[in-house]
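Chains as they are written, first to last, in this note's numbering: chain P, 1 to 79; chain D, 1001 to 1760.
There's no promise every hint is true.
Below, computed lysine-lysine pairings styled on BS3-like, alpha-carbon distance capped at 30 Å [as the list claims (entries may be wrong)]:
| # | chain 1 | residue 1 | chain 2 | residue 2 |
| --- | --- | --- | --- | --- |
| 1 | P | 48 | D | 1451 |
| 2 | P | 48 | D | 1418 |
| 3 | D | 1524 | D | 1497 |
| 4 | P | 48 | D | 1403 |
| 5 | D | 1468 | P | 34 |
| 6 | D | 1422 | P | 48 |
| 7 | D | 1451 | P | 34 |
| 8 | D | 1691 | P | 34 |
| 9 | D | 1045 | P | 34 |
| 10 | D | 1644 | D | 1584 |
| 11 | D | 1527 | P | 23 |
| 12 | P | 48 | D | 1447 |
| 13 | D | 1415 | P | 48 |
| 14 | D | 1644 | P | 48 |
| 15 | D | 1447 | P | 34 |
What the hints contain is simulated information worked out from the structure, not anything from laboratory work.
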Amino acid sequence: MIFETVAGILAEILGIDDEDIEKDTELTREYGIKSVDLAKLITECERKFQITIHDEDVHSFRYVNDLVEYIRRVQQAMQ
Amino acid sequence: MEQSQRSQDFELKRLEQTIALAEEQLTSARQKNEENKAAIVAAKKEMIEDTPHFISNLWSLENFYELVHLSQFANPVLGKVSEYEMEARKILALEKLLDSPYFARIDFKFEGEAEFEKIYIGLSSLRDEETYEMFVYDWRSPVASIFYRFGIGQAFYDSPGGQMSGEVALKRQYEIHQGKLDFFFDADVQIMDEFLRKLLSQNASSKMKTIVETIQKEQDLIIRDLEMDLMMVQGAAGSGKTSVALHRAAYLMYQGLADKLSYNNIVIISPNPLFERYIANVLPELGENNINSLLFEEILHSVLQRQQIQTRNQYLEYVLSSSSRADRTIVKKSMEFKGSRQFVELLKRFIADLPKRWLEFSDLYYDGKYLADRQSLKAELLKRDKEFLLSFRLKQLEKSILKTVHKQREDRLEKLRKQVAKRPEHTFEVEEVARMLSIHESTALIKKIRKFTELDCFELYRRLFNDKSYFYSLAKGLELPDCIEAIIDFTRENLQKNDGDLPFDDALAIAFLHLKTQGYRDSKDIKQVVIDEAQDYYPIHFEIINVLFPKARYTILGDINQTIGKQEDLSLYDQVSRILNRKKSTLVTLEKSFRCTQEILRYSAQFLDSGFELRSFSREGEAPAVFTASSSSAVDGLIVEEVKTCRTRNYQSIGLICKTEQDAVALYDRLKDQVEQQVQLINSNTEIDLKGVFIIPVYMAKGLEFDAVLICDVDREHFHSEDDKNLLYIACTRALHRLNLFYSGEISPLLTADYPGGGK
Chain P
1 MIFETVAGIL AEILGIDDED IEKDTELTRE YGIKSVDLAK LITECERKFQ
51 ITIHDEDVHS FRYVNDLVEY IRRVQQAMQ
Chain D
1001 MEQSQRSQDF ELKRLEQTIA LAEEQLTSAR QKNEENKAAI VAAKKEMIED
1051 TPHFISNLWS LENFYELVHL SQFANPVLGK VSEYEMEARK ILALEKLLDS
1101 PYFARIDFKF EGEAEFEKIY IGLSSLRDEE TYEMFVYDWR SPVASIFYRF
1151 GIGQAFYDSP GGQMSGEVAL KRQYEIHQGK LDFFFDADVQ IMDEFLRKLL
1201 SQNASSKMKT IVETIQKEQD LIIRDLEMDL MMVQGAAGSG KTSVALHRAA
1251 YLMYQGLADK LSYNNIVIIS PNPLFERYIA NVLPELGENN INSLLFEEIL
1301 HSVLQRQQIQ TRNQYLEYVL SSSSRADRTI VKKSMEFKGS RQFVELLKRF
1351 IADLPKRWLE FSDLYYDGKY LADRQSLKAE LLKRDKEFLL SFRLKQLEKS
1401 ILKTVHKQRE DRLEKLRKQV AKRPEHTFEV EEVARMLSIH ESTALIKKIR
1451 KFTELDCFEL YRRLFNDKSY FYSLAKGLEL PDCIEAIIDF TRENLQKNDG
1501 DLPFDDALAI AFLHLKTQGY RDSKDIKQVV IDEAQDYYPI HFEIINVLFP
1551 KARYTILGDI NQTIGKQEDL SLYDQVSRIL NRKKSTLVTL EKSFRCTQEI
1601 LRYSAQFLDS GFELRSFSRE GEAPAVFTAS SSSAVDGLIV EEVKTCRTRN
1651 YQSIGLICKT EQDAVALYDR LKDQVEQQVQ LINSNTEIDL KGVFIIPVYM
1701 AKGLEFDAVL ICDVDREHFH SEDDKNLLYI ACTRALHRLN LFYSGEISPL
1751 LTADYPGGGK
């Protein structure tokens, strides 16, 4: 569920198909993701999931899945 | 051995009944398992059809009901699976039981009772479920200890309900194979010894055997001890240390079943991979399948998360075979020092000094303001409770810094938004660009913080060796080796290299630093640790083990005469006991050797320091001899001849032992075409079944045994030092029945003149 949502947000930012985003898609410039896209993704995820993502943690999101797992952990901690 | 026809008839009938019962149970267990299997398959099918296969978020509320739904199906399946596994184990035990249901019987009269009970003892228990009559008692059950400890007459044993006393009227032993009674005899101590002698004089089977039938009283006391937190055993070569270690593990398992001790809670630490494979077959034999056995190297890999580490065998090979004597010496001295108590103390001082001196605190700013200066950060860290691991204290410090940052974040973002809004090119994406800037500066900040909150033990260790004057100031009052300068330089050079393996001794030291500062989570539930060949370890090994298994009880077995590349004496056990610091500890000595013949043992004794006693279990054989010839190829000829002789005598395992792997390879190349039977070279990577002719370096041969042993290259060049003397001792004591030594050129000065060919 989290992954699908994140993939949807990212696809929209990049203007591509949802299906082109996978768990091991890298959140880097080589994959066409600029810093500002990443910032958008983070802001959107915070809004959608009603959580806070700390800016100092963002550098550790290398793959889409890292972000997904982070959100999962934050949600768990909130429960 | 005289037996009346009546008892012969009785025993045959009893065996028949036992086997019938076992067969009946086996049939029903098999049937039950078929049913379980079918039930598992059916339940799984139902689960797949009726539940969603994939629940993406197990933790969200909306999916909670899906999860509950799934678990309704999953729980019965899991139950069936564990039932299935239990039955499978039972089937295995019953199959073994059918082959040989028991090996001994005692007739025991409990105090206050009128009649003697017949107690049959085997590898596992067998009970008639209807009448509750015990047909066979597991050798590990309390009452079975009588068999190992007492003769005819008064006897007692400890049971969960207290001490039970009584009287033994009969001790009988059986040889049963494939369900047929070969013979039995009533035993007193002499006859038991006769039986043991007969078993021992058989040629070694390919794998180490279980000794349940022949456990000696001293061995039994070790195997069944539950009192001691630290049980140390000094045992002569061939005294059955390793067997005792394995049987003890099996016994602890059996005892632990009641306390919910599972195989995950017992670990055996073994010295080399060959040994590990060798024992792999013994434990299931004893009744327990999955005791974890671990190499020390594996511990290092998982603590350091690094694959490139020199193995102990690589280290030994280097120390024994490097062509440069100076290199050899420094590598050895370096290991000795880094394994020592002194160095451990130095590392402890280093760790205590890390916060004060080695952490690179820096002034931190956020939102244009001072967050904290380096002095106050250090002060805050030092204020924290030293009981906690350093890495934990650092994490707490990091958290408290970030807490302040988080409070200020919204203000900071607002400022960034205003700044961005002023720039016309970003009018449409103020929010994102501001966030991006915030992420950038936060990343820079956290990297600055992590420079002092994350510990890089490798780097810290490197710096310790880069700063000599600091090193000496830490070492104040500690006894340092003469060549300490050379060791420091040598280590510094090694650590500078970025490629290649991390030297064995440095890996140990870094693992120690890591464990002492960051801890290790995975090993805390281990309750029993069994360590074999303890003489190979240095104090730092035991320090590491102690950090890893803080709550465990220990069984430690070794022989100070079987060291490789180091010297050891009885103070080893004092050190171990000081490091592990357990409430109740004891040192037991096993002097009697069961492996070698008297002659081999007497010959081996020349390599021991005087005052060390070796008692043999009296079994006679041929005296060892030393052979030489005019040329090295002629010596090879003699070796080939000897192998032939051994073959004609039907020795199953023949070991050609060399000093190093290098020597072993050379010998192998010379001999491989000359010996009729296939010769196998054993090195660290070989999988083996010890049946046939083998060439093996001595450090790999430790803990193994061969029917016949040929020790090659016993010349002055190969064997002359104190360390070499230990190697000869180890090599000689690998032999069960026959031992001969070969050399060309000048004979080793370590061989005495009292034997044929020796020391001419």
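Now the hints, each set against the structure:
{"no.": "1", "hint": "P/48 x D/1451", "in the structure": "34 Å, violated"}
{"no.": "2", "hint": "P/48 x D/1418", "in the structure": "25 Å, holds"}
{"no.": "3", "hint": "D/1524 x D/1497", "in the structure": "35 Å, violated"}
{"no.": "4", "hint": "P/48 x D/1403", "in the structure": "24 Å, holds"}
{"no.": "5", "hint": "D/1468 x P/34", "in the structure": "48 Å, violated"}
{"no.": "6", "hint": "D/1422 x P/48", "in the structure": "29 Å, holds"}
{"no.": "7", "hint": "D/1451 x P/34", "in the structure": "27 Å, holds"}
{"no.": "8", "hint": "D/1691 x P/34", "in the structure": "65 Å, violated"}
{"no.": "9", "hint": "D/1045 x P/34", "in the structure": "47 Å, violated"}
{"no.": "10", "hint": "D/1644 x D/1584", "in the structure": "53 Å, violated"}
{"no.": "11", "hint": "D/1527 x P/23", "in the structure": "40 Å, violated"}
{"no.": "12", "hint": "P/48 x D/1447", "in the structure": "29 Å, holds"}
{"no.": "13", "hint": "D/1415 x P/48", "in the structure": "24 Å, holds"}
{"no.": "14", "hint": "D/1644 x P/48", "in the structure": "82 Å, violated"}
{"no.": "15", "hint": "D/1447 x P/34", "in the structure": "21 Å, holds"}
Violated hints for the displayed structure, listed by number in ascending order: 1, 3, 5, 8, 9, 10, 11, 14.
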